[in-house]
Amino acid sequence: MSAIQPDESLARRMHGLQPGEQPLARSNPNLPGTSDDGTLSEDPGKRAPCVLGDRSLEDVTNIVCGYAEAKMPKPWLAALTISSSIAALGTGMILYLIITGVGVWGLNNQVDWAWDITNFVFWIGIGHAGTLISAILCLLKQNWRTAVNRSAEAMTIFAVICAGIFPGIHVGRVWFAWFLAPIPNSNGIWPNFRSPLLWDVFAVSTYATVSLLFWYMGMIPDVATLRDRAYMRLSKGVSRPMAIPMPIGNDIIVPQLPKPDQIRVLIYGIMALGWRFSSRHWHRYEKAYLILAGISTPLVLSVHSIVSFDFATSIIPGWHTTIFPPYFVAGAVFGGFAMVLWLMIPLRLILPNFSDLLTLRHLENMAKILLLTGTMVGFAYGMEFFIAWYGANEFEFAAFADNRVNPAKAPYWWAYWTMIFCNVVTPQLFWFRKMRQNPLVIWIVASFVTVGMWFERFVIIVTSLHRAFLPGEWHMFFPTWVDILTFVGSCGIFMTLFLLFLKFLPIFALAELKVVMPQSHTHDDH
Amino acid sequence: MPSMNPKDLISFAADYFPMVFKKPAPKYVSESGNRIYGMVAEFHETPKVYQAAEIVRDAGYSKWDVHTPFPIHDIETAMGMKTTKLPMMAGGAAVIGVTIGILLQWVTTAHLYPTVVQGKPFGAWEPFVPIIFELGVLLTAFMCIFGMLALNGLPRFHHPLFSYERFYKVSDNRFIICIESIDPKFDPTATRALLEKAGGSEIALIEDED
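Going line by line, the protein sequences match chains A and B.
As numbered in the numbering used here, residues 350 to 875 make up the first sequence, in order.
As numbered in the numbering used here, residues 1152 to 1361 make up the second sequence, in order.
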C-alpha cells in the first residue's frame, strides 16, 4: 500500500497510535514475551477488540478474500486427498448396505437401533452449535460471534448432511423412504402424525432448510465482494491462468482452460444475486436476519427436543424420562462447540492472519460455554440417576445401576465411564484461567468432548436396548466392519465438505466483521 | 421496490423485461446519447457518509441510495427511510404455516385416515403441536429470505452502477452516494453542487447503457 488509506488513519486514531508510530508487527500474533494477544484483559472499562493488528477495512477484505483466492497451503491438499478418499469409502459402504440389506450391520432383534441412530444423533447435535452462534448469540448481541459464525454455520450444514444419511439408510428398503412424506400411499394410507419419528422428519428437514437459507443469506454480500474483486482483476488484466495443484513440485499451468477469475465472476456472480450493497437493501437484509435469528432460536431448541422424543415417548427404561429434551439440547450445544473449537484451532496455525480474526478471547469465551454446557450435561446425568432411584421403578434403576455403571454387572460399563470422563471431568479444567486461555489444552479437551458425546448417544441407545424387561430378551451388540467404516466414512464426508468450504467460500462473515471494527462507527466518540 | 405510481411500475418492469416494456423518455441524456442513470459521489469514512446522507435527505431527495460495504448503524434515520414491512409479511407467513400444519394433520388424522394410537381421540390437538410449529417456522423463514429479496428487487444481475469501475470498491472500503436522475429534484448542476457541499469526491454521472 503506497498511500495511507483514509480508514487506516481512522483505525490508527481509534487505537491511540501517534502519527509515525508503528503498530505491532503481526508475524507473531502474541505480544512479545507472553502468550497474551491483548484480548484477554479483564478490565471492564476496556472492550477487547474483535479484530487485531490495527487492521483497516481493506486489510480485512484482503485477508478474508485471500483464503478463497490464493493457493491453499500444502497441508490442505493432503487433508483433502485423505478425507475425500475416506468419504468415497463411506459412500461405498452405503451402496453396499443398500444393495445387500441392513443385515450387513450388527443390529439384531433386541438391539435394533445402534450405531446408525447413535451417528444420527451425534451429527445432528454437532450442527446445533452453528445455529446457536448465528442465532442466539446474535440476539444476545455477542459481537465475538462474528469470528466463528460463518464457519460454524457451514459446519451445521455439513453435519446435518451427515446426520440425514443414517435415518435415510437404516430403514432398510430405502426406496420406500417416501412413505415419510406427508402424502397418502397407493392404498390411501397417510403417515401417522402422532409418531415422534414423523415429527423428527419435519424437524430435521425444516432445520436443514432454514440453516441452509440462513447460511446462504449471510454469504450474499461476501460472495458479492469476491465477485467484485475477481471482476476488477479481470478488467485490469492481472488474473492468473488456471493451474492444477500438485502435491509435490510445481503446479501445472493450463492456459487453454478458462481463468479461475472468469469462473469466479460467473459462479460468485450468480450466487450474489446482483447484490449492490445498497443501504435500502441492507435495511431489509438486517430485518430479515434478525427475524431469522429470532425463529432459529426456538427452532434449534425444538429440533433436539424432538430428537429426544424419539426415545422419551417410548416405555424402555433409560429412555422414558422427561429430562431428555433439555438434556439433549445442552448436550448438542456442548458437542457442537467442541467440534467448532476442534476445527478452528488448527486453522489458526495453518492459515495466515487467522489468529487476528479469531483471537484468544474468542477461544476463551467458547471454552466457557464448554464448561457451562458440560456441567449442565453432568447435572443431567446425575438427575437421571437420582430420579431412577427416587422414582422407585426397579427396571429404571436397574437400567442405570446394573446396565451402565457397575463393572461387575454391566458389559458396557466402559462406555458409560468413558462418557463421564470425557464429558463431565475434562471440561472442569476450564475453571482455571490458564487452561481456557491455552489453545492446545482447549483443543485436547474438545477432542475428548467430541468422543464423549458420541459415547453418550451410544450409552443411551445401546445400553438401554440391550437388556429389556425379561432376561430372555438380553442381547449384546457388536459392530461389524460395515458399521465402523460407515461411521468413519461420514467423518470423511464432513471433513471433505468443510475443506472445500475453506477453499471456495468466504470463511469469515466479512460484512459483519467490518461492523464490529471501530471504523464502522458513525461518530468518532464511541 | 417501486412505489405504486404506474410510471414507476413500468420503469421497474422495463429493468427485467426490456423487450416488453419501454422506459419513459429520459429527462437527461449524456453526450453519447445514453440515458443518465444518476450521479455518484465517493466517501471514505463512515462518519462523513453519515453526515452526507443527512444533507441529501434534508435537501429533499427521494430516489437515492447509499452503497456501503457493511450496514451502517442507524443510516435509516440519516436517509429518512421508512421501516420495512418485512416483519408483517413474515408474521403473515407464520400464520399460513400454522394453518397448513393444523389442516394437514387434523384432516388426515381425524377424517381421511383415522388410526387408533394409544387409545387417544382422533382429533386430539396435542400431538400436532411439533409439526404445526415446524411448518410455521419454515414458512416464516421462506418469507424472510425470499420476501427480502423480492422487496430489494433481487436477483438483478444487470444494473447501471455495475458499469462504473469505481463502484467495485464499495464491496471493500468505499462508500458511494447515488442520486438517481428520475428523482424530481435531480438537476445535474444543483445535485453536483450538493454532493460537493456534502464532502463527496470523484463525483460522476452514470450512464444507463441499454
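Each hint should be verified, as a subset may be incorrect.
As the list claims (entries may be wrong) - Computed footprint of chain A on chain B; a stretch qualifies when at least three of its residues, placed anywhere within it, have a C-beta under 8 angstroms from a C-beta of chain A:
1) 1189-1199
2) 1213-1225
3) 1256-1264
4) 1291-1297
5) 1336-1350
Just so you know, the hints here were simulated from the structure itself, not pulled from any lab data.
Glycine residues also receive a C-beta, built at the ideal position from the N, C-alpha and C atoms.
Hint-by-hint comparison with the structure:
Residues of the stretch 1189-1199 of chain B with a Cβ under 8 angstroms from some Cβ of chain A number 4, which satisfies the need for three, so the listed coverage holds. Closer than 8 angstroms: that is the beta-carbon criterion, and the stretch 1213-1225 of chain B has 10 residues meeting it against chain A, so the requirement of 3 holds. With 5 residues carrying a beta carbon less than 8 angstroms from a beta carbon of chain A, the stretch 1256-1264 of chain B meets the three-residue requirement, and the given coverage holds. Beta-carbon proximity to chain A at under 8 angstroms applies to 5 residues in the stretch 1291-1297 of chain B; the threshold of 3 is reached and the given coverage holds.
Using a Cβ-Cβ cut-off of 8 angstroms, 0 residues of the stretch 1336-1350 of chain B lie near chain A, which falls short of the minimum of three, so the contact claim is violated.
Hint 5 from the list above is the single one not met by this structure.
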